[in-house]
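> This is what each chain is made of:
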Amino acid sequence: MIFVEIISWIFIFTGALLGIAGGIGIHRFPDFYSRLHAVGITDTMCAGCFIIGLCLQTGFTIASLKLLLIFVFLFFSCPTATHALADTAMLSGLKARLDKEQ
Amino acid sequence: MIFTVATFAILVTISLGLARALMGPTVYDRILAVNMVGTKTVLLIAVFAVLSGRTNMIDIALTYALINLVGVVAVLKFVEQGNFYTDGEDD
Amino acid sequence: MSYTVKHNISLTVLLFALWFGLSGLFDVLMLSLGIASTLLVVYFSYRMDTIDRQKHPARLTLQLLRFWLFLSREVISANIDVVRRIFRPGKNISPQLFQLPMTKKTDLARVIYANSITLTPGTVCVKVNRKAITVHSLSKESADDLRSGRMADAVPEDERDEET
Amino acid sequence: MLDTFIDITLLAFLTITAIAIIKVRDLFVVIMLFSIFSLHSAGLFVVMDAADVAFTEAAVGAGISTVLMLATLALTKDHDEKRPAHKARLPLLVVLITGAALVYGTYDIPSFGDPDAPAQAHVKPYYIEQSMRETGVPNTVTAVLASYRGYDTLGEVTVIFTAGIGVMLLIGGRLTRKRDKEDDR
Numbered sequence: 001m002i003f004v005e006i007i008s009w010i011f012i013f014t015g016a017l018l019g020i021a022g023g024i025g026i027h028r029f030p031d032f033y034s035r036l037h038a039v040g041i042t043d044t045m046c047a048g049c050f051i052i053g054l055c056l057q058t059g060f061t062i063a064s065l066k067l068l069l070i071f072v073f074l075f076f077s078c079p080t081a082t083h084a085l086a087d088t089a090m091l092s093g094l095k096a097r098l099d100k101e102q
Numbered sequence: 103m104i105f106t107v108a109t110f111a112i113l114v115t116i117s118l119g120l121a122r123a124l125m126g127p128t129v130y131d132r133i134l135a136v137n138m139v140g141t142k143t144v145l146l147i148a149v150f151a152v153l154s155g156r157t158n159m160i161d162i163a164l165t166y167a168l169i170n171l172v173g174v175v176a177v178l179k180f181v182e183q184g185n186f187y188t189d190g191e192d193d
Numbered sequence: 194m195s196y197t198v199k200h201n202i203s204l205t206v207l208l209f210a211l212w213f214g215l216s217g218l219f220d221v222l223m224l225s226l227g228i229a230s231t232l233l234v235v236y237f238s239y240r241m242d243t244i245d246r247q248k249h250p251a252r253l254t255l256q257l258l259r260f261w262l263f264l265s266r267e268v269i270s271a272n273i274d275v276v277r278r279i280f281r282p283g284k285n286i287s288p289q290l291f292q293l294p295m296t297k298k299t300d301l302a303r304v305i306y307a308n309s310i311t312l313t314p315g316t317v318c319v320k321v322n323r324k325a326i327t328v329h330s331l332s333k334e335s336a337d338d339l340r341s342g343r344m345a346d347a348v349p350e351d352e353r354d355e356e357t
Numbered sequence: 358m359l360d361t362f363i364d365i366t367l368l369a370f371l372t373i374t375a376i377a378i379i380k381v382r383d384l385f386v387v388i389m390l391f392s393i394f395s396l397h398s399a400g401l402f403v404v405m406d407a408a409d410v411a412f413t414e415a416a417v418g419a420g421i422s423t424v425l426m427l428a429t430l431a432l433t434k435d436h437d438e439k440r441p442a443h444k445a446r447l448p449l450l451v452v453l454i455t456g457a458a459l460v461y462g463t464y465d466i467p468s469f470g471d472p473d474a475p476a477q478a479h480v481k482p483y484y485i486e487q488s489m490r491e492t493g494v495p496n497t498v499t500a501v502l503a504s505y506r507g508y509d510t511l512g513e514v515t516v517i518f519t520a521g522i523g524v525m526l527l528i529g530g531r532l533t534r535k536r537d538k539e540d541d542r
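Residue numbers (my numbering), protein chains in the order written: chain A, 1 to 102; chain B, 103 to 193; chain C, 194 to 357; chain D, 358 to 542.
Just chain A, same shape as in the assembly (with noise of 0.2 angstroms):
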């Protein structure tokens, strides 16, 4: 029992840095285009670990079922939102800041 509470203290501990490092992303890249990256890890793996996380502390009872409704609503919608969103910033005239090597 121990162990899988140790792995899900890891999964819950890897989901809280990567929510750290995502907030700390939008504010260090420099345009809305590069944010929408930073975003992406709080939405995919963030929010994964943390489900997982949670999942092995419930054990498997509805409420570790609810939790992976939850984790699967976010990862259709997620998606779905940041398109939609890159879009309309794009159709707006909302200049991306590109590399000028290429």
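One or more of the hints may lead you astray.
[To be verified] Below, computed lysine-lysine pairings styled on DSS-like, alpha-carbon distance capped at 25 angstroms:
#1 K297/C <-> K324/C
#2 K320/C <-> K95/A
#3 K95/A <-> K324/C
[To be verified] From chain D, some residues computed to sit far from chain B (all C-beta separations above 10 angstroms):
#4 H443
#5 M489
#6 A500
#7 L502
[What the hints assert, rightly or not] Computed footprint of chain B on chain D; a stretch qualifies when at least three of its residues, placed anywhere within it, have a C-beta under 8 angstroms from a C-beta of chain B:
#8 364-377
#9 389-403
#10 409-417
These are computed hints drawn from the structure, not numbers from a lab.
Here a beta-carbon is modelled for each residue, glycine too, at the ideal position from N, C-alpha and C.
Starting from the known structure of chain A, fit chains B, C and D onto it as the hints suggest.
Relative to the frame of chain A, chains B, C and D by itself:
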């Protein structure tokens, strides 16, 4: 113990997102930050529910994850209509 | 048995499983209420004509599972890459905006392809249509990785679906 | 201890968001900030163990009302709030006095979770003990709302339903007409 760390980390992330939402500079940065805060709040509620043993509370996080989807569809609809937001930068 | 009937049945089973998973109640009154609401929703979706419009990707199940494994590996490695770029001091990113040819023929495969590009941090699909995908990527490396077509090859597609 | 910490942090976020809502002129950003505000409130309600209120806040506050406000914004032309022509001194005074009176009122409220409070003393033990047997609903709050106060809730739902129909007749009619015109072109 680990839950304290997790809650603390999520709150830090939310505050970073909130700072971006307030600073801008463009409208899209703000929407992006709001999205992130939304996801983090779902996680915060889930973590708190498991932490306090009141697993019924996970339903709220689930509701919000679903509502998020509805919100995204609403935003998409406006994008499609084209009268959603057409200016470039604000401030 | 026609396609619609089969689809209605699978939808009913799926919805009821969802209801049961969310409520976890066993007594007769609640179960019958759950069945009633499931049937009501199936009837509504039948009336709203959503069932035939969207093809059920049941034939792709095995391929989809393999794809999800591939995708989760990609997502994890992309995450590590972006986190490294966040903490590397100085000039750490080289943003690119480029077009990829659209190799998929059905709407479903196009959506899966574009969504998986967005889902991996470091690349975001900005615009998608029948001919091409416009992608914004954080670095030259991830752009080259997408250009190599690894992601496009991994996306499952059922060629028997009619082209749209 | 952790509860108190989360409470204080979320309340601080709420204050910051509220100030930002007042400052920002762009209405779209205001709607986005409103949805953050609702989310933080929902989080607060969860920490205070008020699951049903948190449910409503997450669904109505963060979800439906955001969508409705976005829809309103799409129907209107101006996306920027106009600066008020004069300073709102008198309203500020009224708000301050009301707020002070409310804060003064909180001193008489029994503390959070006090077992001797009037709300805990009269009918609540009965509901907690008997509601499962009498109604068969697992959640006590739901049992009270939908069974013991069933007629009351029915009345409320009727009011909301009527209001919804009214709004749909007003706005929905306009939307269809607009679409018809576009088809004619």
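> All hints, please: hold or fail.
Status of each hint after checking the structure:
no.: 1; hint: K297/C <-> K324/C; result: 9 angstroms, holds
no.: 2; hint: K320/C <-> K95/A; result: 14 angstroms, holds
no.: 3; hint: K95/A <-> K324/C; result: 23 angstroms, holds
no.: 4; hint: H443; result: 24 angstroms, holds
no.: 5; hint: M489; result: 15 angstroms, holds
no.: 6; hint: A500; result: 14 angstroms, holds
no.: 7; hint: L502; result: 16 angstroms, holds
no.: 8; hint: 364-377; result: holds (count 5)
no.: 9; hint: 389-403; result: holds (count 9)
no.: 10; hint: 409-417; result: holds (count 4)
The structure agrees with every numbered hint stated previously.
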